[in-house]
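Protein chains in written order, with the numbering used here: chain Y, 1 to 211; chain P, 1001 to 1280.
Mixed in with the good hints, there may be bad ones.
[As the list claims (entries may be wrong)] With a straight-line cut-off of 16 Å between C-alpha atoms, the simulated EDC-like cross-links for lysine to aspartate or glutamate are:
#	chain 1	residue 1	chain 2	residue 2
1	Y	Lys131	P	Glu1013
2	P	Lys1039	Y	Glu170
3	P	Lys1110	P	Asp1122
4	Y	Lys174	P	Asp1216
5	P	Lys1085	P	Asp1122
6	P	Lys1042	Y	Glu170
7	Y	Lys131	P	Glu1005
8	P	Lys1121	P	Glu1164
9	P	Lys1121	P	Glu1157
10	Y	Lys103	P	Glu1107
11	P	Lys1039	P	Asp1049
Just so you know, these hints were derived from the structure itself, not from any lab.
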Amino acid sequence: MSEVVRKYIPLLITFIVGVIAVLDFYTTVPAIRGTFTVLKNWGIVVTAFALGVGAVNLFKVHGKRIAERGELWPLSGWLLFMLIVFVVVGLSTGKFDASWQYKWIYNAIMLPLGATMYSSLCFYMAIGAYKALRIRNIDSLFLFLTAIFVVLGNTPMFPAAFPGFFYAREWIFKTIISGAYRGIRIGVGIGAVVLGIRTILGLERGYLGRA
Amino acid sequence: MSAWEKLAALPREIVLTIVLIAMIVPAIRPFGLPIMVGKMSKDWYNTVDSLPEGSIVLFDIGFGSGGYPTLGPCAVAALHQMFEKHLKIVIMATALEGSMMYPLIMEKVKPEKNYGAEYGKDYVFLGYIAGEQTAMAAVLGDIHTAVKEDYYGTPIEQIPLLQEITGPESFALVAYLTTSGGIAEGWVYQAYSRYKLPVVGGFLSMMTPSLKPYYDAGALKGILDGIKGAADMEYMTRHPGDAMRATDILSATQTIVLIFIVIGNISYWGSRLSKREGEK
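With these hints in hand, go ahead and build the complete structure from the sequences.
Given below as structure tokens:
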């Protein structure tokens, strides 16, 4: 593939789209607004299409692992099997949520599994709090006190009995945490602006891969 | 190994079993412990409450099965309030699994039965729209070109509610619930920063600290902070459900965690002091 196709055309597209996006934000010219609306709608289609590409990629990666009998290959087989089951059931048993079969396999498999993944964090946090939140020095004392007041303020029954815990947590959130996060956000914001300008100007080319 | 050291190094199986018991007992037999409604939840409630009847709300389901135990009850309670206020709701999903969350939520809200709402006239579901911030920008910018049909395949020209939307100013409020940091910030950027629309958001509790600066700055009018926020909403809307039941579990579990933190410190300092005395 020539350098023009791999490098210069994507850079030109990025430049044009980026400039239109910026102009749309700062101006009210109907032609720019209309063009950007079309671009946004293309964005939706391209992202949706990327989901299909993702599925193809899953088949490629896990198909290879199965063929080579790589590590944990039966799990790869199971993944592809379930992918096929969901697609076949979804496409063949009726439209959208009218399909009780699709709803059933989703509610019986995906829902409990997804919920379990998040819920299991609770156990890690419990064991982590027990093992790590120990006052070893002055820094850990501050961490300990902050954690205690936040947990006390977050546990529904404590603020209900002693509203002071709620206000202590609020103070920590509003003063200490928000202050720190505001600084981070402003830094990230400035970084994003710089990155945006560099990307539009073609100075940032990481998204082009090895081009 | 001294008694202090043993206490400082309790096997994780014991700690986790006790935490599990603290979860199971209130789940089987709720204690009915009191709750205090938080300010962020009150602000969400008051923001929705202040909207005139018939206002259009854009409601985003930005979570899937992982977030459902926490944000599902938030969505149910929030929609109860909106339907009770006779608001018109355009529901969309920026999360891939959001379309599967919609029937689970609506089976509990039952807008037709409970509020006499009519699909297409009082509420509509657009389904999953890919692209996160691109989808938000497209829907707010020009919903008629961004979406051709609703989730059930009805062309949007045939949906009366969507005919009322002429631009971003048609939305009186943007409300969203999400487990994704990108979606959480995206709505602030696309709805508040771009169009100055009032925005309320609901997240997992662990996300709240990073998003609270937006609330403090007024970009978010209200926040539903995890399962506690959902319980607050259920309490305020007088629709007790899964979240209020879960607050007992939350109280019991977090109390146990607090006790373990205290045990960990007492045993740590006990073993340290006893070692020091032994050295003397």
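Evaluated hints:
no.	hint	result
1	Y:Lys131 with P:Glu1013	holds, 13 Å
2	P:Lys1039 with Y:Glu170	holds, 9 Å
3	P:Lys1110 with P:Asp1122	holds, 13 Å
4	Y:Lys174 with P:Asp1216	holds, 7 Å
5	P:Lys1085 with P:Asp1122	holds, 11 Å
6	P:Lys1042 with Y:Glu170	holds, 14 Å
7	Y:Lys131 with P:Glu1005	holds, 12 Å
8	P:Lys1121 with P:Glu1164	holds, 10 Å
9	P:Lys1121 with P:Glu1157	holds, 12 Å
10	Y:Lys103 with P:Glu1107	holds, 13 Å
11	P:Lys1039 with P:Asp1049	holds, 15 Å
Every hint from the earlier list agrees with this structure, and none is contradicted.
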